[in-house]
Amino acid sequence: QRERMGIGLVPSNREYRRLFGVTSERINRRKKELVIMHPGPMNRGVEIDSQVADSDQAIILDQVLNGVASRMSILYLLLGVKEENTNEG
Amino acid sequence: MKVNKLDSKVLLKNATIIDPLKESQSKADILLVEGKIAEIGKIQELDVITTVDCSGLILTHGFCDLHVHFRDPGNGDKETLESGSMSALAGGFTRVCTMPNTQPTVDNPESINYIIEKSKPLPVHIHPIGSVTKGQQGVELSEMGLMHQAGAVAFSDDGLPIQNGLVMRKALEYSRMFGVPIINHAEDECLRADGLMNEGKVSTRLGLVGNPSIAESIMVFRDLKLAELTGAKLHIPHVSTADSVKYINEMKNAYDKITAEVTPHHLFFNDKHLEDYNTNLKVAPPIRDSLSREALIKGIKNGTIDCIATDHAPHTVHEKETTFDLASCGLIGLESCFGVVKRILADEEGVSLIDIIKLLTISPRKIMGFDNNLLEIGKEAELVILDDEERWNFQEKNIESKSKNSPFINQDLSGRVKYTISNGQIATSS
Numbered sequence: 001q002r003e004r005m006g007i008g009l010v011p012s013n014r015e016y017r018r019l020f021g022v023t024s025e026r027i028n029r030r031k032k033e034l035v036i037m038h039p040g041p042m043n044r045g046v047e048i049d050s051q052v053a054d055s056d057q058a059i060i061l062d063q064v065l066n067g068v069a070s071r072m073s074i075l076y077l078l079l080g081v082k083e084e085n086t087n088e089g
Numbered sequence: 001m002k003v004n005k006l007d008s009k010v011l012l013k014n015a016t017i018i019d020p021l022k023e024s025q026s027k028a029d030i031l032l033v034e035g036k037i038a039e040i041g042k043i044q045e046l047d048v049i050t051t052v053d054c055s056g057l058i059l060t061h062g063f064c065d066l067h068v069h070f071r072d073p074g075n076g077d078k079e080t081l082e083s084g085s086m087s088a089l090a091g092g093f094t095r096v097c098t099m100p101n102t103q104p105t106v107d108n109p110e111s112i113n114y115i116i117e118k119s120k121p122l123p124v125h126i127h128p129i130g131s132v133t134k135g136q137q138g139v140e141l142s143e144m145g146l147m148h149q150a151g152a153v154a155f156s157d158d159g160l161p162i163q164n165g166l167v168m169r170k171a172l173e174y175s176r177m178f179g180v181p182i183i184n185h186a187e188d189e190c191l192r193a194d195g196l197m198n199e200g201k202v203s204t205r206l207g208l209v210g211n212p213s214i215a216e217s218i219m220v221f222r223d224l225k226l227a228e229l230t231g232a233k234l235h236i237p238h239v240s241t242a243d244s245v246k247y248i249n250e251m252k253n254a255y256d257k258i259t260a261e262v263t264p265h266h267l268f269f270n271d272k273h274l275e276d277y278n279t280n281l282k283v284a285p286p287i288r289d290s291l292s293r294e295a296l297i298k299g300i301k302n303g304t305i306d307c308i309a310t311d312h313a314p315h316t317v318h319e320k321e322t323t324f325d326l327a328s329c330g331l332i333g334l335e336s337c338f339g340v341v342k343r344i345l346a347d348e349e350g351v352s353l354i355d356i357i358k359l360l361t362i363s364p365r366k367i368m369g370f371d372n373n374l375l376e377i378g379k380e381a382e383l384v385i386l387d388d389e390e391r392w393n394f395q396e397k398n399i400e401s402k403s404k405n406s407p408f409i410n411q412d413l414s415g416r417v418k419y420t421i422s423n424g425q426i427a428t429s430s
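Here the protein sequences line up with chains Y and F, keeping their order. Position 34 (the first sequence) corresponds to 34 in my numbering; numbering is contiguous. Position 75 (the second sequence) corresponds to 75 in my numbering; numbering is contiguous.
Chain Y extracted, bound-state conformation:
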């Protein structure tokens, strides 16, 4: 998330983790099971702990894969390719 932070807004990694970090402890406070997502790239141990990112609740790898597929189709459409009609003679 470093690329998204403005100059000097977050004082240090340890402060960010203490205030905002997605840790197992914080996840487990919730009664419902949470689905964990992350747009990547991950800074393990800063905004998200490895234990959370690699857990069964996390769908991050699927998210990234789906993200690639979504982008492919969007680019494909924007490049002006028409949908093929299989019934066309």
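FYI, nobody ran anything at the bench for these hints, they're computed from the structure. Computed from a predicted model, the values in this text were never measured in an experiment. No residue lacks a Cβ here, since even glycine has one placed at the ideal position from N, Cα and C. Be aware that a few hints might be false.
[Unchecked claim] Chain F side only, calculated, beta carbon under 10 Å to chain Y, not exhaustive: (1) PRO109; (2) ASN113; (3) ILE116; (4) LEU141; (5) MET144; (6) GLY145; (7) TYR174; (8) MET177; (9) VAL351.
[Claimed, not checked] Calculated from the model, a selection of chain Y residues having no Cβ within reach of chain F, i.e. all distances over 10 Å: (10) VAL22; (11) PRO39; (12) MET42.
Starting from the known structure of chain Y, arrange chain F on it as the hints suggest.
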């Protein structure tokens, strides 16, 4: 001044108790048991070890100074947390907030912890203020979150202004998460330049480079607007100019999270007093002209200025006994505070004693979020007992600080602290 541990049972007899929170005044006795308030009223206690005769004396909440420099860590020759707390007790203060411009800067939770741990056995409650930026360089925000968790009560780069507007904005936005004020030393570095004293007729006559009022008021205006924009709490330290008072007054009508303080020396002196080049009057922001002083007094009377804070700034002899341009800025103020403020505001300007007490007690405590209900059964005794009628001449021997840089030496003051009770100890002035 003597500081002793409170005996297990102490009777404060026949005091005129002024409660600034409940706005009441009554004659009564207070029984302290193990340092806590056990009873208030007409008390006949037979097995009391110590009785303090408070006839003719005022008893009220211990004073709170939200702006002091105790130079700890790093400059123990000027002051330490211990000597600073002695200085505070002598002035009737039971609670203070220390500024982080120490060596090293208090810009991380470890340093906050150092102050909290070191001050635990001391008689005065010391609350550390953390710096806004790392090393007070004005570039990167410091670990405000971690410092707040460790016990920081506000954030300030005091001594230095936060010159960069974006950094000030970010600091205000970030501070909202913790609900504590940002305290910016408002003096535009560029406009201030090499100014040594207030820019005006006197500086011209004395041949000293002037520091114009606008250097302060322009930054006060910026900070007020940024606070309003970000919705953060802003506390303006040592207000010294008429325009600053004006802008604060106007902004307070539109936005309510603004507070401001004024120092005793800005209420007492004007720039003509620097005619003998007294380096103990070299301070930042500088002592301004008499019109500015009048505006500050008006600002107190109409509530624009919320409280008194001393900006107690100890310096060693060699930093003050030098040419005016080379001398360090700052003066000590804890011991003389009440006598100065009572003389100027009460005797000369007609402000009531209870209003003066409020400026030193409930107002600063409210700004910092400290408990204000001190005259309650069960509470730890945090009290000051003073003689509001005593006229006295302030001398170097009245100073408990390690440093002696006070411009009030040989000045006539009105009102004197007799006893200060805090954290299970009692200070008796000599």
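Status of the hints after comparison with the structure:
Residue-level restraint check for F/PRO109 holds (minimum Cβ-Cβ distance to chain Y is 9 Å; threshold 10 Å). Taking 10 Å as the C-beta cut-off, the interface hint given for F/ASN113 is violated, the closest approach to chain Y being about 15 Å. The beta carbon of F/ILE116 is not positioned within 10 Å of any beta carbon in chain Y (closest approach about 18 Å), and the interface hint is therefore violated. Checking F/LEU141 against chain Y: minimum C-beta separation of about 5 Å stays under 10 Å; hint holds.
Among the interface hints, the one on F/MET144 holds; its C-beta lies about 7 Å from the nearest C-beta in chain Y, closer than the 10 Å criterion. Interface hint status for F/GLY145: upheld, as the beta-carbon distance to the closest one in chain Y is roughly 5 Å, under 10 Å. A cut of 10 Å between beta carbons decides the hint on F/TYR174: the least distance to chain Y is about 7 Å, and the hint holds. The beta carbon of F/MET177 comes within 7 Å of a beta carbon in chain Y, closer than 10 Å, and the hint placing it at the interface holds.
Look at F/VAL351: its Cβ only gets to about 42 Å from chain Y, farther than 10 Å, so that hint breaks. For Y/VAL22, the condition that its CB be more than 10 Å from all CB atoms of chain F holds, with the nearest at approximately 16 Å. Non-interface status of Y/PRO39 relative to chain F is upheld: no Cβ of that chain comes within 10 Å, the nearest being about 23 Å off. Residue placement check: Y/MET42 keeps its beta carbon more than 10 Å from all beta carbons of chain F (closest about 21 Å).
Of the numbered hints given earlier, the model fails hints 2, 3 and 9; all others are met.
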